[in-house]
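> Single-letter residue listing:
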Amino acid sequence: MAPLDQTLPRPTGALLLAAAVAFPLAAGWLGQDFYVGLAARIMIFALAASSLNLVMGFGGMVCFGHAAFLGIGAYTVAILMDAGLDAAWIAWPAATAAAALAAWLIGMVSLRTRGVYFIMITLAFAQMLYYVFVSLSAYGGDDGMPLAARSALPFGLDASSDVTFYYVVLAILAAAMWLMQRLVNARFGRALQAVRENETRMEALGYPVFRIKLAAFVVAGAAAGLAGALVANQTGMVSPGLMYWTQSGSLMIMVILGGVGYLYGGVVGAVLLLVLEEYLSGLTLYWQLPLGVLLLAAVLYARNGALSLTARWRHG
Amino acid sequence: MADTPKLQVCGLVKRFGGLTATDQARFDVAPGEVHALIGPNGAGKTTLIHQISGALRPDAGRLSMDGADITHLPMHRRVRLGLARSYQITSVFQAFSVLDNVALAVQARTGGAAGCWRPVRREADVFAQARQALDRVGLAARADALTRNLSHGEQRKLEVALALATDPSLLLLDEPMAGMGPDESEAMVELLLGLRGEITMLLVEHDMNAVFRLADRISVLVYGRVIATGSPTAIRSDAEVCRAYLGDEATA
Chain P
1 MAPLDQTLPR PTGALLLAAA VAFPLAAGWL GQDFYVGLAA RIMIFALAAS
51 SLNLVMGFGG MVCFGHAAFL GIGAYTVAIL MDAGLDAAWI AWPAATAAAA
101 LAAWLIGMVS LRTRGVYFIM ITLAFAQMLY YVFVSLSAYG GDDGMPLAAR
151 SALPFGLDAS SDVTFYYVVL AILAAAMWLM QRLVNARFGR ALQAVRENET
201 RMEALGYPVF RIKLAAFVVA GAAAGLAGAL VANQTGMVSP GLMYWTQSGS
251 LMIMVILGGV GYLYGGVVGA VLLLVLEEYL SGLTLYWQLP LGVLLLAAVL
301 YARNGALSLT ARWRHG
Chain R
1001 MADTPKLQVC GLVKRFGGLT ATDQARFDVA PGEVHALIGP NGAGKTTLIH
1051 QISGALRPDA GRLSMDGADI THLPMHRRVR LGLARSYQIT SVFQAFSVLD
1101 NVALAVQART GGAAGCWRPV RREADVFAQA RQALDRVGLA ARADALTRNL
1151 SHGEQRKLEV ALALATDPSL LLLDEPMAGM GPDESEAMVE LLLGLRGEIT
1201 MLLVEHDMNA VFRLADRISV LVYGRVIATG SPTAIRSDAE VCRAYLGDEA
1251 TA
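Protein sequence lines, in the order shown, are assigned to chains P and R. Numbering follows our numbering, in which position 208 of the first sequence is assigned residue number 208; successive positions increment by one, without gaps. Numbering follows our numbering, in which position 17 of the second sequence is assigned residue number 1017; successive positions increment by one, without gaps.
It is possible that part of the hints are untrue.
As the list claims (entries may be wrong) - Reference excerpt, derived from the structure (chain R facing chain P, CB under 7 Å, subset only):
(1) Asp1023
(2) Arg1026
(3) His1076
(4) Phe1093
(5) Leu1104
(6) Trp1117
(7) Pro1119
(8) Arg1121
(9) Ala1124
(10) Arg1148
Claimed, not checked - Derived contacts from chain P toward chain R, CB cut-off under 8 Å, selection only:
(11) Pro9
(12) Arg10
(13) Gly140
(14) Leu157
(15) Asp158
(16) Phe188
(17) Glu197
(18) Thr200
(19) Arg201
(20) Glu203
(21) Ala204
(22) Gly206
Hints in this document: simulated from the structure, not taken from any laboratory. Being a predicted model, the structure only gives us computed values, none of them experimental. Backbone N, C-alpha and C define an ideal beta-carbon position, used for all residues, glycine too.
This is chain P alone, in the form it adopts within the complex (with noise of 0.2 Å):
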């Protein structure tokens, strides 16, 4: 079990920070570029398994839909776009914003169910998302649509530069990790650790957990909705398989393979699956077998993700 309160120490935090800067100069360097869109790709799928770490890890809410808010932010992205308006400023807060207002209204529903039945109606609010992208021919339908070029940055920032576009994730991660730190050791955050623990005491105790339980998936929602819109931003297109439940799943298991209710167990489920995912496909065609194989293992061996061996380490 994660403990309670948990904050990375200062000198850790920077030396992560310090190499994360660090690593599209010497991709450049070594003439890797390839891997600075990868490692974009990596940081913004920690962000949507971070979100999901939230509800599920730290909120006890097992919600297998969670793919729906990264659906619909990119989308936002895609369909402001479309319309012309190409500004991040206005796109990106948009496309979360969306996020937060679809999880407010899923979550005043699903909510109201505990256990399998949540993650049962969280997958079918996800799946009715889909099927209603699919359906619209106006947006491309079943094939998705093409984004005619990334949004359009703030301070002269050129998004279409792989660089840049890596440093912007970066930040935004960053911050994000950051306030979910900060959120997480908070009033709000204890709260909702111990209505995942004994959601009956905590209304005894005079909390209003219903409450507590949506501003968290709202919150997470939202940050989904904005890793949806920078997954449009990075692929260049969005296609309603964003919001399948495969794609629920894969952040699930990021969220598993790193650490359920680990402040950082989203961010290294992402590292872990997507290089995983990476270096398994360049060796084989039938990569998805030995991953299968390798989440076997860390079920059975690293119950508690890859951060519980750490913390089991520390302890002896």
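With the hints as your guide, set chain R onto chain P.
Same frame as chain P, but now just chain R:
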């Protein structure tokens, strides 16, 4: 004196399918008193406590606290009005430390979950009050222990500490001595005696020794109905109570 009752239970009905678990239950708890609710197994004591605390919605009847209708208030709003409860089956946060458990209760009444920025660890006041509550139930020495490592008796104390830390004016105690040994029971009685006069208590308990030592008045619940309310001596000599309750116990 026409004091407003601390708690007024008025014609409460709760049905589960064909079973009427609470059947026109009616009694008052006066301010400051220790009111015991006794009755044979299956009489509906816990069901009644659930309805008073807000965990269950009654099908009919009215509940009021300090004269205000609370029948339709959700549980967390009742707690804000000063109504706290402890559970018959220990319901604490097993994965957290003992101190963190009580700190959550203190946090609940000093701002709740509102706060996204300042780490709770830095709120010295919350933890100071939590330590006081632990001191009160005699768990101060175990503050830093992980709750799941506590003994049963210690967990029962924590259960009461959690309720106390919400600063209640009315405390519902659902079998606080459940599963305790004689020494632990005695300590719990001492603790409750210490709270007497300060907090109004509605006590459900099977340990008759404890009930007769603590209670100012007793209500007897049989098949969901309150068949008698009175002083311990009056209840002891009530013929109907003896037949319905003590008689039942004798044949059981």
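> Given R/Arg1148 as an interface hint, is its Cβ closer than 7 Å to any Cβ of chain P?
violated, 10 Å
> Have a go at the R/Arg1121 hint: is there a Cβ in chain P nearer than 7 Å to its own Cβ?
At 6 Å from the nearest chain P Cβ, R/Arg1121 passes the 7 Å test, so the hint holds.
> Once the shortest beta carbon distance from P/Ala204 to chain R is found, is it less than 8 Å?
P/Ala204 check passes; min Cβ-Cβ to chain R is 6 Å, inside 8 Å.
> Given R/Ala1124 as an interface hint, is its Cβ closer than 7 Å to any Cβ of chain P?
With a closest approach of 14 Å, the R/Ala1124 hint is violated.
> So, R/Arg1026 near chain P? Judge it on the closest CB pair being under 7 Å.
Because about 25 Å separates R/Arg1026 from the closest Cβ in chain P, which is outside the 7 Å limit, the hint is violated.
> Tell me if the interface restraint on R/Pro1119 is satisfied: Cβ within less than 7 Å of some Cβ in chain P.
holds, 4 Å
> Do the numbers back the hint for P/Gly140, that is, is its least Cβ distance to chain R under 8 Å?
violated, 38 Å
> Under the criterion of a CB-CB separation shorter than 8 Å, is P/Gly206 in contact with chain R as hinted?
This interface hint holds because 3 Å falls under the 8 Å limit.
> Take the shortest C-beta to C-beta distance between P/Phe188 and chain R; is it under 8 Å?
Holds, because the Cβ-Cβ distance from P/Phe188 to chain R comes to roughly 5 Å (cut-off 8 Å).
> Have a go at the R/His1076 hint: is there a Cβ in chain P nearer than 7 Å to its own Cβ?
Cβ of R/His1076 sits 5 Å from chain P, so the hint holds.
> Go through the hint on P/Leu157 and say holds or violated, using the shortest Cβ distance to chain R against 8 Å.
violated, 29 Å
> Is the shortest C-beta separation between P/Glu197 and chain R less than 8 Å?
At about 5 Å, which falls below the 8 Å cut-off, the nearest Cβ of chain R leaves the hint on P/Glu197 intact, so it holds.
Against the hints set out earlier in the document, violations occur for numbers 1, 2, 9, 10, 11, 12, 13, 14, 15.
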